[in-house]
Amino acid sequence: MLNLLVLTILFSTPLILAAMGGYTSERGGVINIGLEGMMLMAACVGALAAAHYGPVGQMIAGVVAATVLSFVHWLATQVYHIDHVISGMAINAVAAGGTNFLYLKLSDPAHGSGLPHLPISVFCVAGIVVPFLLWFYSRQTRGGLRLMAVGSDPDKARLMGIQPIRVRLFGLLATGILTGIAGVELVAYTGVFTDNMTSGRGYIALAALILGGWRPLPTFMACVVFGFFSALRLQLQGTPLFGAQLPSQLWAALPYLVTIIALAGLLGRNRTPAGLGKP
Amino acid sequence: MIWRLIALIVGACAILAGAVLVAHASPIESLQTLIHGSLGTPSAIAGTLKETTPLLICGLAVFIALRAGLFNIGVEGQLLAGACCCAIVATRFHGILGMVLGVLVGMLAGALWALPAGLIKAYRNGHEVITTIMLNNVAALFAAALVSGPIKDPKQADTATPYVDASSRLPWIYSNPPVQINFALVIGILLAVGMAIWLKKTVAGYELQAVGANRIAARFAGISPQKVTVVAMSISGALGGLAGAIQVLAYEGRFYDGFSPGYGFDALGVALLAGNSAYAVLPSSFLFGVLSKGGTALQIDGIPKGITTVVLGMLILIAAAIRYRKVSKDA
Amino acid sequence: MSFAVRLLGITKRFGTVTALDRVDLEVEQGAIHALVGENGAGKTTLMRVLYGAIAADEGSMEVEGNTVRFGTSREAIEAGVGMVSQHYGIIPELTCLQNLILGAEGGLVLKNKVAEERAQSLAARMGFTFDWHAEASTLSPAGAQKLEILKLLWRNARIMILDEPTAMLSPADAAALFESLHRLANEGATIILVTHRLPEVLDHCSRVTVLRGGRRIDEKLVVDTNGNELATLIVGEAIVEPDRSQPFEPGTTLLQITGLVVKGDHGEQALKEVNLTLRSGEVLGIAGVDGSGQRELFEAIAGLVQTQHGSMQMLGSDCLSWDAAERIRNGLRLIPEDRHAQGVVEDWSLDENAALGLQRLAPFANKGRVDGKARFEMAEQIADRFKTKRGGLKLPMSSLSGGNQQRFVAARALCLNAKLILAFQPARGLDIKGTQQVYDGIREACRNGSAALVVSFDLDELLEQCDRVVAMNNGKLLEPRAQDSLDRDAIGRLMVGAQ
Chain A
1 MLNLLVLTIL FSTPLILAAM GGYTSERGGV INIGLEGMML MAACVGALAA
51 AHYGPVGQMI AGVVAATVLS FVHWLATQVY HIDHVISGMA INAVAAGGTN
101 FLYLKLSDPA HGSGLPHLPI SVFCVAGIVV PFLLWFYSRQ TRGGLRLMAV
151 GSDPDKARLM GIQPIRVRLF GLLATGILTG IAGVELVAYT GVFTDNMTSG
201 RGYIALAALI LGGWRPLPTF MACVVFGFFS ALRLQLQGTP LFGAQLPSQL
251 WAALPYLVTI IALAGLLGRN RTPAGLGKP
Chain B
280 MIWRLIALIV GACAILAGAV LVAHASPIES LQTLIHGSLG TPSAIAGTLK
330 ETTPLLICGL AVFIALRAGL FNIGVEGQLL AGACCCAIVA TRFHGILGMV
380 LGVLVGMLAG ALWALPAGLI KAYRNGHEVI TTIMLNNVAA LFAAALVSGP
430 IKDPKQADTA TPYVDASSRL PWIYSNPPVQ INFALVIGIL LAVGMAIWLK
480 KTVAGYELQA VGANRIAARF AGISPQKVTV VAMSISGALG GLAGAIQVLA
530 YEGRFYDGFS PGYGFDALGV ALLAGNSAYA VLPSSFLFGV LSKGGTALQI
580 DGIPKGITTV VLGMLILIAA AIRYRKVSKD A
Chain C
611 MSFAVRLLGI TKRFGTVTAL DRVDLEVEQG AIHALVGENG AGKTTLMRVL
661 YGAIAADEGS MEVEGNTVRF GTSREAIEAG VGMVSQHYGI IPELTCLQNL
711 ILGAEGGLVL KNKVAEERAQ SLAARMGFTF DWHAEASTLS PAGAQKLEIL
761 KLLWRNARIM ILDEPTAMLS PADAAALFES LHRLANEGAT IILVTHRLPE
811 VLDHCSRVTV LRGGRRIDEK LVVDTNGNEL ATLIVGEAIV EPDRSQPFEP
861 GTTLLQITGL VVKGDHGEQA LKEVNLTLRS GEVLGIAGVD GSGQRELFEA
911 IAGLVQTQHG SMQMLGSDCL SWDAAERIRN GLRLIPEDRH AQGVVEDWSL
961 DENAALGLQR LAPFANKGRV DGKARFEMAE QIADRFKTKR GGLKLPMSSL
1011 SGGNQQRFVA ARALCLNAKL ILAFQPARGL DIKGTQQVYD GIREACRNGS
1061 AALVVSFDLD ELLEQCDRVV AMNNGKLLEP RAQDSLDRDA IGRLMVGAQ
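Residue numbers (the working numbering), protein chains in the order written: chain A, 1 to 279; chain B, 280 to 610; chain C, 611 to 1109.
Wrong hints could be hidden among the right ones.
Claimed, not checked - Below, computed lysine-lysine pairings styled on DSBU-like, alpha-carbon distance capped at 30 Å:
1. A:K105 to B:K329
2. B:K479 to C:K997
3. B:K506 to A:K278
4. C:K1029 to B:K480
5. C:K830 to C:K873
6. B:K506 to C:K977
7. C:K977 to C:K1043
8. B:K480 to C:K983
9. C:K977 to B:K480
10. C:K1004 to B:K480
11. C:K873 to B:K480
12. C:K997 to C:K873
13. B:K506 to C:K1086
14. C:K983 to C:K1004
15. C:K830 to B:K479
16. B:K480 to C:K999
17. C:K873 to C:K1086
18. C:K1029 to C:K999
19. C:K977 to B:K479
To be verified - Computed footprint of chain C on chain A, listed as stretches where at least three residues anywhere in the stretch have a Cβ under 8 Å from a Cβ of chain C:
20. 138 to 146
21. 156 to 163
Treat the hints as calculated values from the structure; they're not laboratory data.
Glycine residues also receive a C-beta, built at the ideal position from the N, C-alpha and C atoms.
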């Protein structure tokens, strides 16, 4: 039982951090399917840096790497006016290929696994604190209010003297930082970088964000539920359920299926920010 | 605007050259390796064409959805659904029947896998990108579950279905091993030509493109954007499923875990690069085939294959930026 | 007498068009001052100058005795000027309180308690009640309007511009709004009311300024004037006497609408029990200021919106069950209001655009196939009909100027067995000659047995070109008495709601 709790926390933390990164981007109106790529890049660069600069260096390098990609997304969508989805796709491609390239070329085989890293508990605490901070930010600060306004209707926000492009820059920088931490956690936990090690967590974070209606605390809850199911899956592997042996993949598919049902409007009303994807 | 575009292209080239230099290789030599590995020998060309086939058909799937203003990121999942269902059916029959049934079932599976995305977009205004991403993941997981359980071939060690009977496989149009070219390529080329003609010469094609080009004007012209959205998504899904079925019947002979190396994703680049002509999907998919096959040659040369994916990402960005430039100039 | 606002000699040009021509406006402190005029008279432009949203080319402005020059709206707000635009600036996903303070939060961290207290006291002063933490999407149009007024108070506006504030309000809500405006005026605020509804002016304002064609026509004390006089001032004297040399012979009924009700975007009744009969041979004009329900009527006839009640017969058959394509197949042709968004696909060629809306009809289509040759020939005919200035037919529509696109769209609607022509501002952006050509085309079709329904905001254009003109006001369709069917004053009174 305790084991299940620990596993749940472990599995949900990267989801939470990435989903919160998605929040600061999408709540400001920037569609971000590049969460996956940003996490992956942070994991890779973090792993490379850890060998030379220790745990703090790992964190800084990972965060910077993800933030650079996030900045590229801002540049592409807000300055070059490239479709948000295309830009996100491109970022995922660059990250998938780039990490494969960088890691094979630059990693030091002598180090193997067991890189120095910050204690995992630090990440878990961040995973619990950040959603509440963002909740506070969105309700109690000027920046949070303006982020929501820009995500809902950039034109009306402009009418009230707010510059959407600036608000979104700050939102995307926060996305970079949060997805960076999420990526670093993955590599800190496993101790080694492997190709495509995020394995869809960025997309699950996106799914949690949708299920949470683009609100920090419900999104947090959705991540925890997803993490719980991953933990359960690991615990139940091999044990028959309701007399039948369910393949573990069906558990894994659950978050995605629930998200599709939510998008079909079968789980309450659609809370998509109205300005999502608008210039 | 033009200087911005130049900045983008220069930036992209600098990153690539920098990456190659980091890898302690000469950019020129790398390019040579890439071209030699994909086009240098008859067998390399045959390998490139083999890579091109699924990219071509998937590219057409993405392309037709784009013409209707839809972003079908789900071709990967539709391909898996098509391939998996095709393998299930085709392994149970022999001869031409297995082939035809396999293709039909594959297309149907792909279309059905795309249908929820089309319906949710048309009637719930849920972004098709999100739904198709989710459906991709579900497809991958379901296929993995099936192939490791119910449809697994007990005689093989791999998690794979049994092989399709040779009599049900798509024929080679040229076979002199290792140089082999499959009939599948002809199907792909015919599809591209057929699609170009369909879009240009039929009222249905006209209406589909009207919705993609200006949804509101299409509505005033008596076209239902909802219906077109559902139909376009289904056609796109059927093509994705067809690509999967052909992959089974032409090259792989069975369905296995990890079936697609991401053809559905690369196809997005193929379609974006092709712009607005179905014929342009032909050279565009060939270019991606070259990159894919050449990437393997680079790998042998000590340059990780990932670099070709980076090139792909940058190509997507630059193509999108150029397209925006065109639009903003028109406006 | 102290003036809160003095605008002197304000001139604003957009390219070659003079939107405002040496306009003066003096508004007394504490008054409710009406600014009236037709669409395009320059009311909103003048107010946007005062609000700092656009800069005047000439003229001077004084606010509360100080000469000012606003570069941005922010400066205007600081000087105490606030504006509620026609399309509310409320963001539905934010709460009422968040909407209230957005852009004027007063600090990095929000003091929601303090803000709510101040909001509450402002609301109490106006006699409003709000659930501050409810989402603004739950607000009725009247609630949104009230919140907009509070937004002005929140920003300490002493001069308040309200642009068509009652456009979306029910009569009861409008009455409540004016009650609060009187209260504000009594407390010393100055209110400029931009409106086209004369009863509002007569009942609630002290002075009224009339604009027409970018010029100030007159300014009156409300007690010295009446609805008829204002209506005449607003629409002016007829420049051209309508040509009635060709009296029309009404034939069979092509369109019959009875008791039609359509809901608008905000759930209000956009069409209220509209009755309309259109007979073959007839060109029927629909006059009215923008937003009186013409758009909804157009879309209802085209089959693009859901109708609530009522019946509609097209060419003798019940057509409410027909979709838009079916109506087109039966001979309905559209000249939509916004050619750019609704009429053409800009990055398609002229040739391809020629079939848009007619794509399923012969000769454009033949058993589901596009007949390229026929389409090209038709495209040539369409382009030649009103002498659309163009390069090749294979060039994109975007290569044409707006006026030439309009010629193309109008000619397309007339090119193929048009039975019922539905036109929204068919001469939009055209010069006098082009306007005449388009209307001649419509009349010619009608002489050959079709019928046309033309919506325009230009009453003179309708009187000159149509056989009969009716007016729309606030979702109602109002027919003048038979002998007044082309009477300028009678229709002018109907369209502004004067009796």
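Restraint status (C-alpha distance of K977 of chain C to K1043 of chain C at most 30 Å): Between K977 of chain C and K1043 of chain C the Cα gap is close to 40 Å, so the pair fails against 30 Å, i.e. violated.
Restraint status (C-alpha distance of K480 of chain B to K999 of chain C at most 30 Å): Judged against 30 Å, a Cα distance of about 28 Å means the pair holds.
Pair hint K506 of chain B and K278 of chain A, alpha-carbon separation not exceeding 30 Å: Measuring from Cα to Cα gives roughly 24 Å; hence the hint holds.
Given hint K1004 of chain C paired with K983 of chain C - CA-CA distance at most 30 Å: holds, 13 Å
8 Å C-beta test of the stretch 138 to 146 of chain A against chain C, three or more residues: Coverage by chain C holds here, the residue count being 7 at a Cβ distance below 8 Å.
Agreement of K480 of chain B and K983 of chain C with the hint, judged by alpha carbon distance not exceeding 30 Å: It holds: about 11 Å lies between the C-alpha atoms, which stays within 30 Å.
Restraint check for K997 of chain C with K873 of chain C, where alpha carbons must lie at most 30 Å apart: violated, 40 Å
Distance restraint between K105 of chain A and K329 of chain B, which requires alpha-carbon spacing of 30 Å or less: holds, 29 Å
Given hint K480 of chain B paired with K1004 of chain C - CA-CA distance at most 30 Å: OK: K1004 of chain C and K480 of chain B at ~16 Å, within 30 Å.
Pairwise hint evaluation, K999 of chain C against K1029 of chain C, where the allowed Cα distance is 30 Å at most: Holds, at about 27 Å.
Hinted pair K506 of chain B and K1086 of chain C, Cα distance within 30 Å: Between K506 of chain B and K1086 of chain C the Cα gap is close to 34 Å, so the pair fails against 30 Å, i.e. violated.
Restraint check for K1029 of chain C with K480 of chain B, where alpha carbons must lie at most 30 Å apart: Holds, at about 28 Å.
Hints 5, 7, 11, 12, 13 and 15 from the earlier list are contradicted by this structure; the remaining hints agree with it.
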